[in-house]
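Chain by chain, the residues:
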Amino acid sequence: MIDKTVASLEAAVAGIHDGATIMIGGFGGAGMPAELIDALIAQGATDLTIVNNNAGNGDTGLAALLKAGRVRRILCSFPRQADSWVFDELYRSGRIELELVPQGNLAERIRAAGAGIGAFFTPTGFGTQLAEGKETRNIGGRDYVLEYPIHADFALIKADKGDRWGNLVYRKTARNFGPIMASAAKCAIAQVSEIVELGALDPEVVVTPGIFVKRVVQVSQTPAAAAASHGTTEAAA
Amino acid sequence: MNKLTRAQMAARVARDIPEGAYVNLGIGLPTLVANHLPEGREIVLQSENGILGMGPAPEQGQEDWDLINAGKQPVTQLPGCAYFHHADSFAMMRGGHLDFCVLGAFQVSASGDLANWHTGAPDAIPAVGGAMDLAIGARQVFVMMEHLTKGGESKLVERCTYPLTGIGCVSRVYTDLAVIDVTPEGLVATEWVEGLDFDELARLTAAPLRRGDKTGN
Chain W
1 MIDKTVASLE
11 AAVAGIHDGA
21 TIMIGGFGGA
31 GMPAELIDAL
41 IAQGATDLTI
51 VNNNAGNGDT
61 GLAALLKAGR
71 VRRILCSFPR
81 QADSWVFDEL
91 YRSGRIELEL
101 VPQGNLAERI
111 RAAGAGIGAF
121 FTPTGFGTQL
131 AEGKETRNIG
141 GRDYVLEYPI
151 HADFALIKAD
161 KGDRWGNLVY
171 RKTARNFGPI
181 MASAAKCAIA
191 QVSEIVELGA
201 LDPEVVVTPG
211 IFVKRVVQVS
221 QTPAAAAASH
231 GTTEAAA
Chain Y
1001 MNKLTRAQMA
1011 ARVARDIPEG
1021 AYVNLGIGLP
1031 TLVANHLPEG
1041 REIVLQSENG
1051 ILGMGPAPEQ
1061 GQEDWDLINA
1071 GKQPVTQLPG
1081 CAYFHHADSF
1091 AMMRGGHLDF
1101 CVLGAFQVSA
1111 SGDLANWHTG
1121 APDAIPAVGG
1131 AMDLAIGARQ
1141 VFVMMEHLTK
1151 GGESKLVERC
1161 TYPLTGIGCV
1171 SRVYTDLAVI
1181 DVTPEGLVAT
1191 EWVEGLDFDE
1201 LARLTAAPLR
1211 RGDKTGN
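Chain order of the listed sequences is W and Y.
Per the working numbering, the first sequence starts with residue 1, numbered consecutively.
Per the working numbering, the second sequence starts with residue 1001, numbered consecutively.
Because the hints were derived from the structure by calculation, they are not lab data.
Don't take each hint at face value.
To be verified - Derived SDA-like pairs (lysine to any residue); straight-line CA-CA distance at most 20 Å: (1) Lys134(W) with Pro1163(Y); (2) Lys134(W) with Ile1167(Y); (3) Lys161(W) with Trp1065(Y); (4) Lys134(W) with Pro1126(Y).
What the hints assert, rightly or not - Facing chain Y, according to a computed beta carbon distance under 10 Å, are these residues of chain W, among others: (5) Gly31; (6) Ala55; (7) Glu108.
Positions of the beta carbon are idealized from the N, C-alpha and C atoms, including for glycine.
Could you put together the complete structure from these sequences and hints?
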């Protein structure tokens, strides 16, 4: 019998090794697997490379992982925010490496890893600082930049419901990076608000098929907890 | 002269968004455009974190923190709304499916280069988000910005001095003084505010400016 469900958050993050590359889902707070991140902090893995859209908000979740000194390098599109003080301090004091990636390139590089694509040409970033030193090509009269996939050892993502085969459905804009990170990591670990019986998810609406997911853990979500872990405003460009 | 307020600028941009358009409104000033879309036009707003058919902010107390916009503010869903993951979201831009985006800017050049993500200051922490994808992806890129910096310098320039977001990507610029098209022949002003004459507008613009048909405000 296939059973990808695990009984505890501790079991969910077991085996994450020092030096691992970990994708963490979420756009700001929406879809951020806060409980899995807390479990990772307790588990102790360090010297990590993290892939996330942002670089932590406030003092909880990803920011807490950074603050605990576990992260050597981060790949993200939008680190600077009104409440990214943990990252800002680490960055200014040279204690964390940053690879800044345009958001769509970040998404497509993650997608490419999961889809077995060796590299791809994208128009995004051509002629800008973020494409300096990269191979370019003019295709059909348009300029493109060569970008490589981002693979990960683990992905920590948050979904709404899951079953023992690892099928997942998400909730609203909390879906964001979840599906592509699940496919790009060797071991995708999903926290869900509810584990349902096999067959309870309508196959027509399954967003992440279970083949991409290795572990599923249930984390009961109270509305108050949800509100407390969110609620930030990004600085305008 | 009667400089446009931020709300008037937003209303002016909104007037040019046609029925049936798929539109992404950038963070900050462009977000205001949503409040001024003409009644009776069906326009679909996209937010790059994964929603088409985004509605206005919820009533206080009705916030759902799984339903936010790119500025991480709570929004609502309209009938017909759809959610999608990030790779699909940016495929909508790069793939040429998004009709318009409206972005803020530090500078726009005479050839439509855009600088809006980084001041280049050595101590600034860079952050780009979806700006580069939107700049090259949307079929038409509208920029909405003050004509002048707080120091009185033109934000329309011959060549951008700030780090670029995209090359030759801007279609039209809406400022608090004028509406300016970016054409193969350079910048063309099509409207300017009451009490400002074209020569004065040209003097306030640090790139060659041609006079188009004034359609009036």
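Structure-based check of all given hints:
no.: 1; hint: Lys134(W) with Pro1163(Y); in the structure: 17 Å, holds
no.: 2; hint: Lys134(W) with Ile1167(Y); in the structure: 17 Å, holds
no.: 3; hint: Lys161(W) with Trp1065(Y); in the structure: 17 Å, holds
no.: 4; hint: Lys134(W) with Pro1126(Y); in the structure: 19 Å, holds
no.: 5; hint: Gly31; in the structure: 8 Å, holds
no.: 6; hint: Ala55; in the structure: 9 Å, holds
no.: 7; hint: Glu108; in the structure: 6 Å, holds
In this structure, none of the earlier numbered hints is contradicted; all agree with it.
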